[in-house]
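Assemble chains B, C and D onto chain A, guided by the hints.
4 protein chains.
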Amino acid sequence: MSATKQATVLQPRVLLTGFAPFAGETLNPSWEAVRMLHGRRIGGHRIVARQLPVEFGTALKALRAAIRDTRPSLVLCVGQAGGRASMSLERVAINVDDARIPDNAGASPIDLEIVRGGPAAYFTGLPIKAMLAALRDAGIPVEVSQTAGTYVCNHVFYGLMHALRNRKVRGGFVHIPYSPEQAALHPGAPSLPVETVCQGLRIALQVALATGVDHKLGAGAEH
Amino acid sequence: MSATKQATVLQPRVLLTGFAPFAGETLNPSWEAVRMLHGRRIGGHRIVARQLPVEFGTALKALRAAIRDTRPSLVLCVGQAGGRASMSLERVAINVDDARIPDNAGASPIDLEIVRGGPAAYFTGLPIKAMLAALRDAGIPVEVSQTAGTYVCNHVFYGLMHALRNRKVRGGFVHIPYSPEQAALHPGAPSLPVETVCQGLRIALQVALATGVDHKLGAGAEH
Amino acid sequence: MSATKQATVLQPRVLLTGFAPFAGETLNPSWEAVRMLHGRRIGGHRIVARQLPVEFGTALKALRAAIRDTRPSLVLCVGQAGGRASMSLERVAINVDDARIPDNAGASPIDLEIVRGGPAAYFTGLPIKAMLAALRDAGIPVEVSQTAGTYVCNHVFYGLMHALRNRKVRGGFVHIPYSPEQAALHPGAPSLPVETVCQGLRIALQVALATGVDHKLGAGAEH
Amino acid sequence: MSATKQATVLQPRVLLTGFAPFAGETLNPSWEAVRMLHGRRIGGHRIVARQLPVEFGTALKALRAAIRDTRPSLVLCVGQAGGRASMSLERVAINVDDARIPDNAGASPIDLEIVRGGPAAYFTGLPIKAMLAALRDAGIPVEVSQTAGTYVCNHVFYGLMHALRNRKVRGGFVHIPYSPEQAALHPGAPSLPVETVCQGLRIALQVALATGVDHKLGAGAEH
Numbered sequence: 001m002s003a004t005k006q007a008t009v010l011q012p013r014v015l016l017t018g019f020a021p022f023a024g025e026t027l028n029p030s031w032e033a034v035r036m037l038h039g040r041r042i043g044g045h046r047i048v049a050r051q052l053p054v055e056f057g058t059a060l061k062a063l064r065a066a067i068r069d070t071r072p073s074l075v076l077c078v079g080q081a082g083g084r085a086s087m088s089l090e091r092v093a094i095n096v097d098d099a100r101i102p103d104n105a106g107a108s109p110i111d112l113e114i115v116r117g118g119p120a121a122y123f124t125g126l127p128i129k130a131m132l133a134a135l136r137d138a139g140i141p142v143e144v145s146q147t148a149g150t151y152v153c154n155h156v157f158y159g160l161m162h163a164l165r166n167r168k169v170r171g172g173f174v175h176i177p178y179s180p181e182q183a184a185l186h187p188g189a190p191s192l193p194v195e196t197v198c199q200g201l202r203i204a205l206q207v208a209l210a211t212g213v214d215h216k217l218g219a220g221a222e223h
Numbered sequence: 001m002s003a004t005k006q007a008t009v010l011q012p013r014v015l016l017t018g019f020a021p022f023a024g025e026t027l028n029p030s031w032e033a034v035r036m037l038h039g040r041r042i043g044g045h046r047i048v049a050r051q052l053p054v055e056f057g058t059a060l061k062a063l064r065a066a067i068r069d070t071r072p073s074l075v076l077c078v079g080q081a082g083g084r085a086s087m088s089l090e091r092v093a094i095n096v097d098d099a100r101i102p103d104n105a106g107a108s109p110i111d112l113e114i115v116r117g118g119p120a121a122y123f124t125g126l127p128i129k130a131m132l133a134a135l136r137d138a139g140i141p142v143e144v145s146q147t148a149g150t151y152v153c154n155h156v157f158y159g160l161m162h163a164l165r166n167r168k169v170r171g172g173f174v175h176i177p178y179s180p181e182q183a184a185l186h187p188g189a190p191s192l193p194v195e196t197v198c199q200g201l202r203i204a205l206q207v208a209l210a211t212g213v214d215h216k217l218g219a220g221a222e223h
Numbered sequence: 001m002s003a004t005k006q007a008t009v010l011q012p013r014v015l016l017t018g019f020a021p022f023a024g025e026t027l028n029p030s031w032e033a034v035r036m037l038h039g040r041r042i043g044g045h046r047i048v049a050r051q052l053p054v055e056f057g058t059a060l061k062a063l064r065a066a067i068r069d070t071r072p073s074l075v076l077c078v079g080q081a082g083g084r085a086s087m088s089l090e091r092v093a094i095n096v097d098d099a100r101i102p103d104n105a106g107a108s109p110i111d112l113e114i115v116r117g118g119p120a121a122y123f124t125g126l127p128i129k130a131m132l133a134a135l136r137d138a139g140i141p142v143e144v145s146q147t148a149g150t151y152v153c154n155h156v157f158y159g160l161m162h163a164l165r166n167r168k169v170r171g172g173f174v175h176i177p178y179s180p181e182q183a184a185l186h187p188g189a190p191s192l193p194v195e196t197v198c199q200g201l202r203i204a205l206q207v208a209l210a211t212g213v214d215h216k217l218g219a220g221a222e223h
Numbered sequence: 001m002s003a004t005k006q007a008t009v010l011q012p013r014v015l016l017t018g019f020a021p022f023a024g025e026t027l028n029p030s031w032e033a034v035r036m037l038h039g040r041r042i043g044g045h046r047i048v049a050r051q052l053p054v055e056f057g058t059a060l061k062a063l064r065a066a067i068r069d070t071r072p073s074l075v076l077c078v079g080q081a082g083g084r085a086s087m088s089l090e091r092v093a094i095n096v097d098d099a100r101i102p103d104n105a106g107a108s109p110i111d112l113e114i115v116r117g118g119p120a121a122y123f124t125g126l127p128i129k130a131m132l133a134a135l136r137d138a139g140i141p142v143e144v145s146q147t148a149g150t151y152v153c154n155h156v157f158y159g160l161m162h163a164l165r166n167r168k169v170r171g172g173f174v175h176i177p178y179s180p181e182q183a184a185l186h187p188g189a190p191s192l193p194v195e196t197v198c199q200g201l202r203i204a205l206q207v208a209l210a211t212g213v214d215h216k217l218g219a220g221a222e223h
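Protein chains in written order, with the working numbering: chain A, 1 to 223; chain B, 1 to 223; chain C, 1 to 223; chain D, 1 to 223.
No lab work stands behind these hints, which were simulated from the structure alone. Glycine included, every Cβ here is placed at the ideal spot set by N, Cα and C. Check before you lean on any hint, since a few could be wrong.
Stated by the list, open to error - Reference listing, derived: stretches of chain D covered by chain A, where coverage requires no fewer than 3 residues with Cβ under 8 Å from a Cβ of chain A: (1) 140-151; (2) 181-187; (3) 190-201.
Next up, chain A with everything else stripped away, as it sits in the complex (with noise of 0.2 Å):
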């Protein structure tokens, strides 16, 4: 067994995403909180943390790309979701690009499937009712959504869980809020720090890594 190998098989890796700044703003909290976590260990796992476009199609070749370099037993994307409150645990992804703004490279694709004759939607694959219990009981906004939306952050997720639908790794998305900073620009938008974010990450990776079989915890919605 090389070197390498043994280097691998003792430093089990996650993956963890951010992205891009878009929509006019200076800067991305998902790519903020998710720099910092980048290289420490959690959960017995070395944390590499790589920053994806926000573009169509190209975010998801860059994407697949760190996959294959990192070889990740967990892989997390993070993205902004401008508006929201809380980390946002997202339930599903689905097989749909609907641009209502165009993406950073211009594109504004219509109601066309990410994955042709792919699935109408995959599942996350992270224990998210875990993850949920256990950021909430560390006092950080947290909830389940029932949607990642249409846009490139849905398609990331859809493109991550398609990646992964035949391996052993797992993979999941989470929407966080506008930074602070970002919300002093939007009056009346809610806001969490990135230094929180990255702590929520932290937990949530800790849970993620640890749990086999998700709780029996409701977080469902009427509508």
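Chains B, C and D alone, transformed into the frame defined by chain A:
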């Protein structure tokens, strides 16, 4: 050809369902709107209205029985979404029950599949973008929704699409706001009169019956 | 006693005002509702409807002229509050103009007194708690509002109460939601049909005319 | 001149108040933020922090006693506004108590004057537009609010301005969001960390102490 069969051929049908009251309400505006259209003719089709119970499992049995009885060429299920301000054309149903509040039979399933081993989701079978455009043009508040929740409405929507999966019958789901009478008891909650909803459903059905390929019209969400 | 004077005595009047369209809208539901009541009799009073311009200063001149002309025993001014879901019975008008958007004449006053040296605020002269109870009982979405904003509506409300300060004429202000036709162009915005608002105004006026001492009914806000 | 009097002259003071927990909460972020500033020096002033009870009447007695004790040159009262997303600089206090929920002593006054025969309202004595600009520049979510409600916060704000009406001491009120720990138990509610609020209060006080004439900066509302 028997007289009955002839009648069926000459009079294609639309099955339109609403729900019983739930969550302490004394009426359900979905049923109030739907029953006003019972027996009417829209786009050459006779409307058959049926009420479904707000009960996991039982609701789907009632829906499947109504489909058997009426042999519709199109099925539209309608449900109340207290707190929403517009008629919501649902894009996708997901294969999970997660009840925040008990149903009318006292059941609160958590993270159970609706159809064991069924696909994670079904997309609507209706041209929701064409319906969106027509309703907006008619001055009726309307939006495309990316989640029908995880309660009895999503349960019925998913079960409907599963029941229709190998047939030529099209189906879909529309959520509607409280009626003004209900909103009067929920301070600050938005509403839409049953008459407006009824008019909206009529337009939605006309468009659904007349439209083959849906319009390319953006109605997505960033998250 | 002259015939005219007799007529005045026999036919007491209510002055009911709505506003012209503003902020890019093609109609203002306050005027649409108000003009439907012009000439009607409510509680023994003849309704006189007048439209006010959405212009600081000019609106108040028009209001004072209408009061001189009609010699009403009660004045109710009605304005559009896009984004609110209920009829809002305004509790208080404050002595400040602070325009977030220009008025219809292009003026954007910032932190100017409406009446130089006038009191900081006037409370409504109408029994808003009795009106609240009656509207709720009639199934019309309604709330008491603790702020009428700092734009032309508050300007008119304050100017009205200042004009009536030494008279026996009572006055007040009601904000109303978008009409459904407007909300169709503001995705996600709540609405109330002009007919419902019209019916609500009729009830509100009946109660206002018939009620001396207001009800003791909580309708406060923590913040 | 006695040593004590000299000390007073040399060390002007700011009185900063927060509230006790209420409405079932175990802490009140207004007090948590305020007490972190106790004893600090800001703009040449010593900060004296005091906690007020969430009780109509008693809260005002405690405030007036604190003013007598500390002889401040500026008073800022801070209160929790669960559901708001930003620090809210209150523009105006109105002369009415209308409690939707009982205070901590069980009292629920409805439509009672705070000061019998007092003016309908007092405007803040602080330069809230200059404070708004400074907080926004510092990246702290902030807004001007046109209503402080009708509960104990408005009660204290009105009582404060009444107490200061004939003095050269300036005063005002700021509402703050839930802390993240509180929001974790109110799904979907926005929050701001106590540390961020604390930093915001420090900036707000610096600006308030240094600003004579307020900025001309629009921060109004249409309704």
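Tested hints:
Proximity of the stretch 140-151 of chain D to chain A, defined as three or more residues with a beta carbon under 8 Å from a beta carbon of that chain, is established by the 4 residues found. Look at the stretch 181-187 of chain D against chain A: 5 of its residues bring a Cβ nearer than 8 Å to a Cβ of that chain, three or more, so the hint holds. Given as covered by chain A, the stretch 190-201 of chain D passes the check, having 5 residues with a CB less than 8 Å from a CB of that chain where 3 are the minimum.
In this structure, none of the earlier numbered hints is contradicted; all agree with it.
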